[in-house]
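Asker: Sequence:
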Amino acid sequence: MTDKHRHRRDFIQNIVITVLAVSAVLLFAQTQIYSLGSGDGFRRLFLGDAQSGISASSVQEHALSAPVRLAVSGPYGRYGSITASIGEDETLRGLLREVLGSTGTFTACGREDFLQSLRSTSVYFDFLSPLPLSVLADMAGSSGPVSPSARCLTVSGQEDPVSLFLWDGGDSYLRCTTAVSLKNLEQIAGQYEMGNAVFAMDLVESDPHARELDACSLFLKETPELPSLSAETPDYSESLLLADLGFNPNTKNRYTDNGTEVISESGRSLRLRPDGNIIYQSGGDGTLSIEATGEHPTLAEATAGTGTLLNSLLEPTAGDEVLYLTGVRQNGSRILLTFGYQVHGVPVRFSDGANAAEVTLEGTTVSTLSLRIRRYSETESASLLLPLRQAISIARRHAGSQLSIGYADHGGGTVDADWLAD
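Residue numbers for the sequence shown, in this note's numbering: 4 to 425.
Wrong hints could be hidden among the right ones.
Said to hold, decoys possible - For each label pair, taking beta carbons as the anchor points, the in silico distance ranges come out as: (1) P390 x D163: 40 to 46 Å; (2) S336 x Y79: 46 to 52 Å; (3) R257 x G287: 19 to 25 Å; (4) L339 x D238: 52 to 58 Å; (5) R257 x G403: 46 to 52 Å.
Calculated from the structure, these hints are not laboratory results.
Glycine is no exception: its CB is placed at the ideal position from the N, C-alpha and C atoms.
Using the sequences and the accompanying hints, generate a full structural model.
Answerer: Rendered as structure tokens:
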């Protein structure tokens, strides 16, 4: 970032801070809350009109990407970070690998048990969406139990050996013993400098409004400086896309339906919408499929294969965004996988609540595929985030919501980071 842009950013930030300090009334007058997406969507918190890399890597590297919020807790506080993939912290990736490779039998526990696990020496992983343990284990480089699914995991040193606590993001809490020793966990925790992060439950005494948030809302004491993103629906090579999806690039079997180009071939169809969305429907012939060792892929194979396919489709138009896994659901031989976009570990959320991609597998065959092609590139302008205390004051109106930072894409040419209340 140039000095000119840095001075401009600092000047704008100083103005915003001054206004906030002078009048809390003015703050709330300028602050709006938007309800975005479906009933399970999120709310965006932002201040009036005060607006001011990771490059896409190899296809295989990001086939199993999942942003993660990390917290390491010890006797003297907590360390926290937001990363684009668990692989960015090899120490904690190794711990997760060892823990998921040595799980015992899971038993039900309560929410208070889960929260209590964070009050001792512990390591907390939040993958933003519930994912099967076998998929998380594959990301960590090991094998693990196929089920259950978990959004948040805590490796807690309440006893020796340590226990693993799971939360699915809803009402399910589980725990089990592992083969990891307390000494090993304490040695890992000792490698991190504590004090840069807190949970909402840590702030209750100093800020009673924090009591209204989800207790596991994780905050860094220094709000990260995040760039604004330029967003666009890029042009893509139609012939290359057709070839990648198994169509004849020169096919004449096409027509236009209300602006959408429809291509059909051998019972399969592809709809190319003017907004950059593509929708593929299989004819059941297995033309488009993923690799697996058997007739029916494991969840890890399904996720890796689907991620590789989607990244190959996006690679020609890629910017600073990375596709990441948001959900896996299996019903017999059918597997539904959903994906979103992230930039530097910060998720990009669409205002209509839609996913960036959805893929249905029947065995190894891709039955349906939908993909929203968007390109995000960092700019030299900074996103202006509300101070944490003000964001908490606003988010408390939505009791139990989890407050976090994300990019909210409304379909325009610029996307800024905001506080989002899920």
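Asker: Does the Cβ-Cβ separation between P390 and D163 fall within 40 to 46 Å?
Answerer: 41 Å, holds
Asker: Could you check the hint for me, namely that R257 and G287 are 19 to 25 Å apart, CB to CB?
Answerer: 21 Å, holds
Asker: Quick one: are R257 and G403 within 46 to 52 Å, going by C-beta?
Answerer: 49 Å, holds
Asker: Could you say whether the range 52 to 58 Å given as a hint is met by the Cβ separation of L339 and D238?
Answerer: Roughly 29 Å apart at Cβ, these two residues miss the hinted range, so it is violated.
Asker: Holds or violated: the 46 to 52 Å window for the beta-carbon distance between S336 and Y79?
Answerer: 51 Å, holds
In this structure, the one hint that does not hold is number 4.
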